[in-house]
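The residues making up each chain are set out below.
Number of protein chains: 4
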Amino acid sequence: MIKTPVIVINYKVYNTSFGNSALSIAKAAEEVSINTGVNIIVAPPATEIRTLASNVSIPVYAQHVDPVDLGAYTGHIPPEAVKEAGAKGFIINHSERRIRVDEIARLVIKARNLGLNTLVCADTPEVAAALAVLNPDMIAIEPPELIGTGIAVSKAKPEIILSTVSRIRSVNNDVIILTGAGISTPEDVVKALELGTSGVLISSAIMKAKDPKKVINEMAEAVISRK
Amino acid sequence: MIKTPVIVINYKVYNTSFGNSALSIAKAAEEVSINTGVNIIVAPPATEIRTLASNVSIPVYAQHVDPVDLGAYTGHIPPEAVKEAGAKGFIINHSERRIRVDEIARLVIKARNLGLNTLVCADTPEVAAALAVLNPDMIAIEPPELIGTGIAVSKAKPEIILSTVSRIRSVNNDVIILTGAGISTPEDVVKALELGTSGVLISSAIMKAKDPKKVINEMAEAVISRK
Amino acid sequence: MIKTPVIVINYKVYNTSFGNSALSIAKAAEEVSINTGVNIIVAPPATEIRTLASNVSIPVYAQHVDPVDLGAYTGHIPPEAVKEAGAKGFIINHSERRIRVDEIARLVIKARNLGLNTLVCADTPEVAAALAVLNPDMIAIEPPELIGTGIAVSKAKPEIILSTVSRIRSVNNDVIILTGAGISTPEDVVKALELGTSGVLISSAIMKAKDPKKVINEMAEAVISRK
Amino acid sequence: MIKTPVIVINYKVYNTSFGNSALSIAKAAEEVSINTGVNIIVAPPATEIRTLASNVSIPVYAQHVDPVDLGAYTGHIPPEAVKEAGAKGFIINHSERRIRVDEIARLVIKARNLGLNTLVCADTPEVAAALAVLNPDMIAIEPPELIGTGIAVSKAKPEIILSTVSRIRSVNNDVIILTGAGISTPEDVVKALELGTSGVLISSAIMKAKDPKKVINEMAEAVISRK
Chain A
243 MIKTPVIVIN YKVYNTSFGN SALSIAKAAE EVSINTGVNI IVAPPATEIR
293 TLASNVSIPV YAQHVDPVDL GAYTGHIPPE AVKEAGAKGF IINHSERRIR
343 VDEIARLVIK ARNLGLNTLV CADTPEVAAA LAVLNPDMIA IEPPELIGTG
393 IAVSKAKPEI ILSTVSRIRS VNNDVIILTG AGISTPEDVV KALELGTSGV
443 LISSAIMKAK DPKKVINEMA EAVISRK
Chain B
243 MIKTPVIVIN YKVYNTSFGN SALSIAKAAE EVSINTGVNI IVAPPATEIR
293 TLASNVSIPV YAQHVDPVDL GAYTGHIPPE AVKEAGAKGF IINHSERRIR
343 VDEIARLVIK ARNLGLNTLV CADTPEVAAA LAVLNPDMIA IEPPELIGTG
393 IAVSKAKPEI ILSTVSRIRS VNNDVIILTG AGISTPEDVV KALELGTSGV
443 LISSAIMKAK DPKKVINEMA EAVISRK
Chain C
243 MIKTPVIVIN YKVYNTSFGN SALSIAKAAE EVSINTGVNI IVAPPATEIR
293 TLASNVSIPV YAQHVDPVDL GAYTGHIPPE AVKEAGAKGF IINHSERRIR
343 VDEIARLVIK ARNLGLNTLV CADTPEVAAA LAVLNPDMIA IEPPELIGTG
393 IAVSKAKPEI ILSTVSRIRS VNNDVIILTG AGISTPEDVV KALELGTSGV
443 LISSAIMKAK DPKKVINEMA EAVISRK
Chain D
243 MIKTPVIVIN YKVYNTSFGN SALSIAKAAE EVSINTGVNI IVAPPATEIR
293 TLASNVSIPV YAQHVDPVDL GAYTGHIPPE AVKEAGAKGF IINHSERRIR
343 VDEIARLVIK ARNLGLNTLV CADTPEVAAA LAVLNPDMIA IEPPELIGTG
393 IAVSKAKPEI ILSTVSRIRS VNNDVIILTG AGISTPEDVV KALELGTSGV
443 LISSAIMKAK DPKKVINEMA EAVISRK
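Residue numbers (the numbering used here), protein chains in the order written: chain A, 243 to 469; chain B, 243 to 469; chain C, 243 to 469; chain D, 243 to 469.
A portion of the hints provided could be inaccurate.
Each pair may be met inside one copy or between any two copies, as identical chains are not told apart.
Cross-link-like lysine-lysine pairs, in silico, DSSO-like; alpha carbons within 30 Å at most [to be verified]:
| no. | residue 1 | residue 2 |
| --- | --- | --- |
| 1 | 456 | 399 |
| 2 | 352 | 399 |
| 3 | 352 | 397 |
| 4 | 450 | 352 |
| 5 | 452 | 352 |
| 6 | 456 | 352 |
| 7 | 269 | 245 |
| 8 | 269 | 399 |
| 9 | 455 | 352 |
| 10 | 397 | 456 |
| 11 | 245 | 456 |
| 12 | 455 | 397 |
| 13 | 269 | 456 |
| 14 | 269 | 450 |
Since the hints were derived computationally from the structure, they do not count as laboratory data.
All chains should be built: construct the whole structure from the sequences, respecting the hints.
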């Protein structure tokens, strides 16, 4: 079971997403998670998964895996690869790395068989509902036009979140719904929870922060304040 | 400068390509390389690069990188990522992970700027010559129909190797030319060198071997015998 | 409204799919449709749409369109292009031409705005249900492993059809459900209808037939016999 | 043999690229070609090839073909399809529809076998030289950042044209070299010829013109003035 509310930190591939910086952000997330009790997941680049997974106790997710099995697939990353490196789950279909629907379906099933969790991204309420039929563990709604803008979808387009929640719930009662795209402030996090989602998917607000730990802590405090 | 003759071990993503097995094959390759003086390069999955690079002294290459820069590219692996993890170079355009020609061109230039080496794969002599114009460090000719078959291109289609060498040399005098696809025995390696190439790209013959170290050693001995 | 039961003939790009042969198959389909009253749709290659659409009265569909608008998209085929050529609808996500889920969603909406019909293909019951959420006009279930085999899914794997119908109906009451993959005989057609679908998607059984008109007629007669 | 100098009109998929407008621009191009003696090629969308090819005497090219053979390739356009519709050649690898280098190689060979001509696009001088090794009939250099801007590459970056010509000529003496990207005025055409290329690839300047015929005529007159 994935504990909610949850904060997922998508490292993307910024210059802070690697090496010491990657590890130090994960350590900060771990400390905040322990102190506040808020579930925090970190999703570093593939090359950093093993280091993070062996150095922090919070869940590490891959940002993407390829829909292939073990075998002669040079340059691909099968789900088994990230599991072996210590990942507990992976993101699927992020708007910066979209894949086909048959591939999403296969990856969700495969993750289940491997004991890994899945976080599927969708760009519209309609697509979110379609993908909810595939029964991933989590779905994040991320209108691509707001990603990286610092303009939170929960503030700028609350109706998208509301519509996503209602459409998903008409086909799936269990999937955890997250708000992504532009989440930058504690208020954005509170708003995301108020609109009926169970957490947030954050990236640049933390990865580009002068003091990532401070931002993570503020986000977690915002989550607690809501409970 | 890349020392020749060279043996490149493409791990692909077999069940032996990860964790302890990945490391043990790299250690074996390192030992053989030190003992025989033959340049041996290992190319593990992205998730294993850092572990291998920090545990062996021979060069570690990525099997693939994405033609993106650092930034908001969730799930991608920019060249900077594999350099940071300790890679000394990367394979481009393997037949199991082909990319566009403009992307190959950009990656070769970017590798040069980052101080990384490039090994570009081609499926025909004509394509090999075209890609030689882009000045990578190495080009491997790998007829896809022979990959993984155990039927060495150097034995089954020597004319393809000869034609590749002659076509490449008509446009590029410097690039190191390798033979790939089906290389399974020490004889295949000798033949590849006799046909005018400077090394081999091997995968299943080592990754699926009962005793990978023995196979690596035989291959390296075959290389030495030729000198 | 699309009249059911319906037979959709996917021309694919066989040597019979072009020119006089393409037109003569469409003429045959038109005659059978008029004689039997069964709705028959033909889906020729893009280059044949205009000729067929201006020579037969039955609906002509495109086999694929690209998820782009009018503009600077060299080499793409926007929905507007096939409408202008006379198409009344298009196939989306055939297993030989899969696209991403966000693209499927956009194309279904765009088709609706342009007054075109959509037939979305799915490879599994689960994917079919997911895509049903996007409200296309028709969904065809086509297990890829049976396509072109002459082994009808309705005979070999009836449970897949049953599961598809029940999963789709749990999220969408309106979409027309078709059976595809391996449909070769009138019995296959009858079976498809008996299993609860409203028609078939056929290709090689007609396009590779010595006498396509005879096959089309037998299929239509089978449809009528069921009513 | 392709007569030079040559003007290639890439219709793309603007609202003027279809139906009566498509035909009327082709008719205008034909008339100008006959009056001035300048070789003019029109490249309409796939759905318009047959109509144009059966109504004008100048060569009609496809904007793109898929690297597949005849067969079970739903939604693809094999080279045979555009030949059957009347095309005399096709564009490959336009920057808005890039494909892999092995696919380019295969399409150039296939076109030769089918008696069709090829116009391969490249985004940099280096890529142009690489693709020249594959021996297409024509290569167009089109820096993507200038496409559709109205800023002609021949004016803004003449050094790119010069470098392209010299790099291509170091590996291929025969291929016809064209200038693309931003060609808008007769002066741009003259400049393209002065820099050593044998023609131009034009799109928006004609497709978005109030009076396309007038623009085509001015371009052709510019070509003649140079001879």
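What are the numbers of the hints the structure violates, in ascending order? Those not satisfied are hints 6, 8, 9.
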